[in-house]
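Kindly generate the complete structure, drawing on both the sequences and the hints.
Each chain, letter by letter, is given below.
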Amino acid sequence: MKNSLLAALLVAAPLCAQTYVIKNATVMTVSKGTFKGSILVKDGKIAEVGEKVMEPQGAKIIDASNQYVIPGIIDCHSHIAVDAINEGSVSVSSMVDMRDVINPEDIAIYRALAGGVTTANILHGSANAIGGKTLPLKMRWGKTAEEMIFEGATPGIKFALGENPKRAGNPTGQAINGQTARYPATRMGVEDVIREAFNNAKAYKAEWDAWEVKKTGIPPRKDLQMEALKEVLEGKRYVHAHSYRADEILMLLRVADDYGFKIRTLQHVLEGYKVAKEIAAHGAGASTFSDWWSYKVEAFDAIPYNAAIMQKKGVLVSLNSDDAELMRHLNSEAGKAVKYGGLSETEALAMVTLNPAKQLGIDNRVGSIEVGKDADLVIYDKFPLSDYAKVQKVLIDGNIYFDRDNEISGRGAKQAEKQKLIDKEKQNRAPQGVTTRRGGQ
Amino acid sequence: MRLLGILLGCSVALAADTVVIRNVDVYPVSGAEMKGVSVVITEGKIADIGAKIIPAKGMRVIEGKGLRVYPGMIDSGTELGLSEVPAVRETVDTGEIGEFMPQLRALSAVNPESEHFPVVRVNGITSVMTFPSSGGGGGGGGRFGGGDRQFISGQAALIHTDGWTWEDMAIDRSAAVHLIFPTLGGRGGRGGAVPDSILDLIPGGGGATGFTASKRTYDGQVAKITEFFEMARQYQKERAAKLPGFKPVLKLEAMMPILEGKVPLAVSAARASVIHDAISFAEKQKIKIVILQPRDIAKAGPELKAKNVPVILGRVLALPQEEDSPYDGAFTQPAEAYKAGVKFAFGTFNNEFVRNLPYQAATAVAFGLPYEEALKAVTVNAAQIWGHTEIGVVEKGKVADLMVTTGDPLEISTQIKYLFIKGKEIQLVNKQTRLYEKYMSRQ
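Those protein sequences? They're chains W and Y, same order as listed. If you want the working numbering, it's the 1-based position in the first sequence plus 54. If you want the working numbering, it's the 1-based position in the second sequence plus 293.
Incorrect hints may have been included.
[Said to hold, decoys possible] Not the full set, but computed from the structure, chain Y residues with beta-carbon under 10 Å of chain W:
1. I342
2. V378
3. A380
4. W457
Honestly, the hints are just simulated from the structure, not real lab data. Quick reminder that beta carbons are idealized off the backbone N, C-alpha and C, glycines included.
Put into structure tokens, the structure is as follows:
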């Protein structure tokens with residue numbers, strides 16, 4: 055029944071990309087200013103942007119008078135659309151991949167769409183110092199798992215520092231909640247695990263590099279755990295590192311320096327404002343919450359000015375959700391960067407569009423409204439950096455994946471279908487009750 | 294000077310510790326806005342509002358041109374002062390052990406030095422209901438001690454977000470007694486459990502997890518609550534009879550204001566069927582109730598309206614109740630409540646998000662709630678529901694809980710320029726602004 059209900063919720067995905075002209079909107083391009091004008095969407099791409107654009111024969115006109123268009127929102131930290139998040143039984147689980155557990159039927163995808171999210175970086179959890187492999191997905195609701203994958207995007211790997219990875223450890227060696235304690239139990243141990251892993255990965259890479267030169271004899275043994283870390287050393291896989299406190303952030307940057315790799319993004323990075331200079335110098339991006347704080351000790355020095363301070367000190371900053379609910383209003387989360395720390399509206403909007411696109415290395419495709427980029431667009435009824443704004447339409451690759459009017463008008467039919475399914479189920483079950491009674495006589 | 298004032302037909306503000314905000318636009322919430330007037334604050338109260346007020350010498354005068362005055366906002370569901378860091382048990386004082394604990398007072402466990410108070414008040418939240426256990430999941434509610442198995446968690450207090458001691462902060466030391474109503478197929482009115490639509494499907498199925506078993510457990514729990522109330526009633530009779538040898542029992546003594554209808558029972562009840570049972574229970578017991586965190590207003594609305602039961606809506610920025618609920622199911626709850634004619638205020642039910650109370654209200658506006666109603670739900674409605682109409686509006690004679698803003702307080706970009714709690718000007722600083730200053734200055 056669950057699947058039937060889900061199917062009822064599916065929006066029929068368009069077969070081929072329609073040509074659209076979004077007219078008379080306030081266009082917030084993020085990279086090239088904000089103006090009143092129109093956007094031509096053709097073959098899934100942004101074909102023209104300007105005060106006036108061509109209106110080709112057969113193009114569908116979307117009148118967006120008094121409305122706002124922004125680039126599709128990119129959430130740099132999400133755990134939706136997957137069947138599993140944490141492989142926490144080992145301290146280094148770089149052999150597992152979120153790609154293998156994509157669930158395209160997760161209703162959270164549709165809800166994220168309805169909140170203007172078009173791309174999300176799907177991360178492994180934070181149970182271990184080095185977690186699983188990660189990848190960005192486009193929120194192509196109704197498509198298969200394979201079709202949701204952001205084509206050509208550099209994959210990632212999750213690291214985690216601080217309270218979460220040490221939670222499974224116990225300095226006394228005793229079991230915790232019936233589970234055998236796992237090293238590490240302290241921040242010192244977390245560093246050691248990462249150093250150890252890269253120590254091994256360097257040796258592994260050296261073996262392979264040596265063999266690649268000659269390509270004769272027996273190749274080294276393939277080690278899937280090491281393979282992902284080798285890719286990190288080669289710059290082919292981005293490190294997204296869950297972190298809170300300034301000390302652990304600095305530790306990871308130094309470990310990375312020592313082993314010659316880069317931290318692509320520090321995730322959460324709630325005390326990033328304390329070491330913004332060092333983060334900027336390393337070249338790491340920072341992806342943080344707008345105002346979450348106090349839920350645990352390492353979040354007690356979190357401040358809503360974090361994003362603004364880091365940005366002002368030269369760090370590439372994005373705002374993320376890590377949460378299926380928060381994900382639905384990243385537009386107003388960006389608004390908080392204006393309130394706390396006084397960033398400009400464009401700078402704030404960039405933190406949920408162009409900046410995460412850069413952090414994920416997909417800014418050639420998405421993140422701003424520019425000719426040639428994917429037509430991933432969100433139309434709001436009001437100024438988008440506010441909770442007064444509602445998403446009206448969402449396009450991905452030039453196809454409409456969310457349309458509030460259709461959503462509202464379709465509800466009656468969905469409700470009727472659900473009722474039909476429930477009635478049918480009741481009917482199916484009724485005779486069983488009768489049988490039971492008879493059996494009792 | 295005074296004479297001059299009279300001669301000119303103006304009133305003159307007096308008193309040494311008086312503050313006058315002049316040329317300001319006043320949004321009283323209770324009535325129409327007044328443009329370009331003066332607000333006089335003295336001895337903790339709003340002494341005067343008017344166009345022709347001349348400040349006396351020595352008064353603090355705040356130029357309010359281009360600014361607005363609103364009543365300070367009220368969050369009707371928090372654990373402020375009782376829970377600092379939810380993950381650290383030592384910092385959490387919600388959710389005591391024991392099933393029926395009406396004698397517990399949230400107020401006396403409020404830590405006035407909690408870092409949360411300065412954080413929430415700089416966003417204009419000047420008073421809150423603080424609960425002995427919010428029953429709301431996150432934020433510490435019911436996560437420790439006996440909270441998860443509790444029915445009555447204790448007395449909630451209405452407090453200011455500023456004060457030297459909890460006595461100083463108290464507006465009402467016992468504004469409500471908190472009952473967590475049981476839920477079919479689960480516990481505690483927390484909105485989890487088996488959805489109604491699924492329960493409807495189960496025609497009396499057996500087994501430990503089936504409908505029959507769940508219903509039996511639920512009925513047993515409701516019976517337990519009834520039993521406790523009957524015990525309290527019996528006690529009330531014995532107490533009134535003043536029989537020799539009568540000994541006060543604190544637990545039951547704490548129930549007297551409830552039975553006498555002097556204090557409302559705040560009932561956590563999410564689903565329509567549970568709300569219905571809670572209302573029936575209150576009717577039988579002839580007590581006043583307020584429903585906390587209802588989730589199914591479309592269904593429960595007519596009955597709530599008919600029985601005149603107010604509600605405290607939980608987080609608007611929340612996921613829909615069920616997998617196939619409309620995506621905006623939580624966003625539209627306030628609009629549904631308004632359409633049904635139900636009286637409501639907002640609560641955030643998580644200390645971390647108290648400061649976002651106005652933005653929850655704004656989301657409700659985006660999804661159909663008239664703006665004025667959203668503003669009322671964070672101010673005057675809360676004051677009325679908790680029986681303290683001396684706060685929640687900007688009117689002469691009311692407590693001077695005021696925020697002076699650059700614009701609409703529900704809009705994220707709006708800044709608060711001045712804040713008054715009980716007439717005292719509050720410095721707009723906290724741990725977070727201090728860290729901001731400190732680390733911005735790092736070279």
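Hints and how they fare:
| no. | hint | verdict |
| --- | --- | --- |
| 1 | I342 | violated (28 Å) |
| 2 | V378 | holds (6 Å) |
| 3 | A380 | holds (4 Å) |
| 4 | W457 | violated (23 Å) |
Taken one by one, the earlier hints fail for this structure at numbers 1, 4, listed in ascending order.
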